[in-house]
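Chain residues, written in single-letter form:
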Amino acid sequence: MSNETQKILTTDGVPLEESLKKVEKKNKIKAFLLVAPLLFYLLITYIFPIGDMFLRSVDDKMVTKMLPKTFKAMEQWDGQELPPEEVFKAFYLDYRILVKEKTFGKLATQLNYEKNGFKSILKKLARKQKKFTEGNYKEQIMKVHKRWANVEYWRAIKRRAPNYTYAKYLKGVDMYEDENGKIVQVEETRRVHKKLWFRTLEIAFFVTVFCFLMAYPIAHLLATLPMKYSNLLMICVLLPFWTSLLVRTASWMILLQQQGIVNDFFVWIGLVADENRPEMMYNKTGTYVAMTQILLPFMVLPLYSVMKTISPSLMRAGKSLGGTPFIAFWKVYFPLTIPGIGAGCLLVFILAIGYYITPALVGGASGTLISNQIAYHMKSTLDWSFASAMGLMLLVGVLAIYWVYNKLVGVDNIKLG
Amino acid sequence: MRKLSKLLLALTFALSITSSAFAVTVASWGGAYTESQKLGYGDPTAKALGIDINWVDYSGGLSEIKAQKEAGAINWDIMDVFAMDTITGCDEGIFVEFDFDKDFPPAPDGTPASEDFFTSMPSKCAVGNILYSWNYAYNSEAWNKTPKTIKDFFNTKRFPGKRAIYKSALTNLEIALAADGVKMGKGGDLIYKKLEADGGVDRAIAKIKDLCSDPNGGCVFWSAGAQPPELLMSGEVVMATGWNGRFFNATVGEGAPIVQVWDGQGLDYEYFALVKGGPDEANAKKALSMMTNTEMLAGSAKYIAYAPWRKSSIAVMEAGEPWYKDGKTNMVPHMPTAPANLKKYFLVNADFWADNSAEIGEKWEAMKAGL
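As given, the protein sequences belong to chains A and B, one line each in that order. Counting from 1, one number per residue, gives the positions in the first sequence under our numbering. Counting from 1001, one number per residue, gives the positions in the second sequence under our numbering.
Don't read these hints as lab results, they were simulated from the structure. Ideal Cβ placement from N, Cα and C applies to all residues, glycine included. Warning: the hint list may mix true and false statements.
[Stated by the list, open to error] Computed footprint of chain B on chain A; a stretch qualifies when at least three of its residues, placed anywhere within it, have a C-beta under 8 angstroms from a C-beta of chain B:
1. 113 to 119
2. 358 to 369
[Claimed, not checked] Distance condition first, Cα-Cα at most 25 angstroms in a straight line; then the derived PhoX-like pairs of lysine-lysine:
3. B/Lys1325 x A/Lys123
4. B/Lys1193 x B/Lys1209
5. B/Lys1124 x A/Lys195
6. B/Lys1151 x A/Lys123
7. B/Lys1186 x B/Lys1151
8. B/Lys1066 x A/Lys171
9. A/Lys123 x B/Lys1102
10. A/Lys100 x B/Lys1102
11. A/Lys7 x A/Lys21
12. B/Lys1209 x A/Lys102
13. B/Lys1193 x A/Lys128
14. A/Lys124 x B/Lys1038
15. B/Lys1124 x A/Lys106
16. A/Lys130 x A/Lys69
17. A/Lys124 x B/Lys1124
18. A/Lys284 x B/Lys1209
19. B/Lys1343 x B/Lys1207
[What the hints assert, rightly or not] Residues from chain B shown here face chain A by an in silico Cβ test under 10 angstroms; the list is partial:
20. Ser1063
21. Tyr1324
22. Asn1356
23. Leu1371
Please put together the full structure from these sequences, using the hints given.
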């Protein structure tokens, strides 16, 4: 009896609790349907490609399938000296099938990624193997090209044996796994990726700092000037934002080169001698100048939107309570702008880290960044798995920075507008 | 009136759609080069065969066609590619393999196609269209001495000033060794032998590093073909390696004070490749065969200073001089293949670069990073 009285019924006799749940469920479905397109969109354009990229970067089944006998025979081989006759024979048998099926080119491309110089000797072998006689394949293969007698090449084949591999990630930081299973650095003259990672980070970091230093006063002016001036200033900020990236980069080249307008001006006012014009282009200076200018709006706009909401009376209050203008700014105004600073810095940094057209055009010898390397492997070598691996490393790097930022400042403090 | 124009617009739109559906699509590099191809042999072939030929621009490399193939929607029939790309594309099964003498017509005097072309093809999937040169040029107002050899390019004592060189190692290593005293050999084979030997690549890179870190020298790295003449004209550099067609346009076309040096030039080739499973493979094959015949190839040299691949095309040009579109410039002396320009040259070895470009690229970037 007491149970009955506790339950409140709706007019049609269903317990209120249940009917509320029903409505809620309906609303939930409706809400889900509303966000479903976005979710679907994210899945297709974001989650799925990243997953695909990851698979591509570790999947090495193709080579494994192409040389089944070879890899089986290689299991016994310790990789110290030239492999025994069985390995050569197995390789010959595998390869003969590939030549017959005309798929040996794919193997050549793959093995050439592992060790340069494979392409031509595999092609030579494809031609010569037709005349091979039964038995003693080791000698016959080694006679085709002297590289076949180099154990390095056989080690390279063995490295491609597993179905899945993290070798591409090691390669991205100039390392590889040697025949003893130890992870070692590549020879010194070929260590380039690590340099490029650091260079990319360095450029992105300093561009962010420069952008911040320049954007803060601009945003402050924008937020505090009377409307008729601030509108004009806003247009000055936005106009370059709407101009094509390439046009802006090219104009910097015209301005900054040694025979360019800026240098001409310096010579004219007597700041530098004509034959001693400073180099401001095709080096890091040029990269910093051009990238800072190009990315500046991404810092100004979030800062402005945050500063606009800060009431001017707060600063006045700070001053009336006895603070100097600097203390009032530092203790009252600045902390309030941190969400804008966070958003701006994160935006600029993430954009800068993936930049490559501008550094490639104005950066000179130091103009190659990690993204150029990714593009190179996408377009020229077609080593998409390596490009994917480096792309993912870049993505993880950005996420890591985001995580650090979250720990230090807190993501809730980001405000874009 | 308004209605009529709208109707016309709709009609032309519909027409353009239907016609493009049955057209052969060629992907090439754009700009003056595609223009020369279109005017030189594209349009005449289209007219003769009654097939529409569309030209689309791309920026080189095989990534787009590979993506199209993986997505199962191939849009291009013919591609204009580098030698290295024909090798990779052939290996990857992207391009159709040719039966060369059957698929391409002989010269007018009956010489089979395979002998009419200057050299053999780098892969079975390639047919050449032009030869161009990686040579160097200097600003004639820089000094009153004139550089004459490839060694002069590296001689910063006699010819002080900055140099512009290509951003990657391709052809830079070859000229570095040549300037370092290595004999070219026939078509540069001795150079490539040296590069393949131990320490060869390091020696060449060291030579470039010397040039770039020399206070009297220094390097600007160019990436787009339009840059070298521009850098020379603006006075940013005094010497620049580059593509001869671009230098030709700057000097003959625009009258810039630039002089080309042919000593130690690298002859490189551009190829057509037929995409396997393209939208209209049969017609594309017909069109390709016609576009690369003697008359047609010579046609493109009317508009740009790149040499047609066929020897017989040069004969056509010689008979028709002045061949350049302005009607007064003789084209044959400006060709990389003119005998006066061929005294010391190397053929860019596609096999070598297909084999080694990745590792050399790493060394090259490491060198650049240390500048």
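Status of the hints after comparison with the structure:
no.	hint	result
1	113 to 119	holds (count 5)
2	358 to 369	holds (count 7)
3	B/Lys1325 x A/Lys123	43 angstroms, violated
4	B/Lys1193 x B/Lys1209	21 angstroms, holds
5	B/Lys1124 x A/Lys195	39 angstroms, violated
6	B/Lys1151 x A/Lys123	36 angstroms, violated
7	B/Lys1186 x B/Lys1151	19 angstroms, holds
8	B/Lys1066 x A/Lys171	23 angstroms, holds
9	A/Lys123 x B/Lys1102	24 angstroms, holds
10	A/Lys100 x B/Lys1102	23 angstroms, holds
11	A/Lys7 x A/Lys21	14 angstroms, holds
12	B/Lys1209 x A/Lys102	42 angstroms, violated
13	B/Lys1193 x A/Lys128	22 angstroms, holds
14	A/Lys124 x B/Lys1038	38 angstroms, violated
15	B/Lys1124 x A/Lys106	15 angstroms, holds
16	A/Lys130 x A/Lys69	19 angstroms, holds
17	A/Lys124 x B/Lys1124	14 angstroms, holds
18	A/Lys284 x B/Lys1209	18 angstroms, holds
19	B/Lys1343 x B/Lys1207	23 angstroms, holds
20	Ser1063	5 angstroms, holds
21	Tyr1324	29 angstroms, violated
22	Asn1356	5 angstroms, holds
23	Leu1371	4 angstroms, holds
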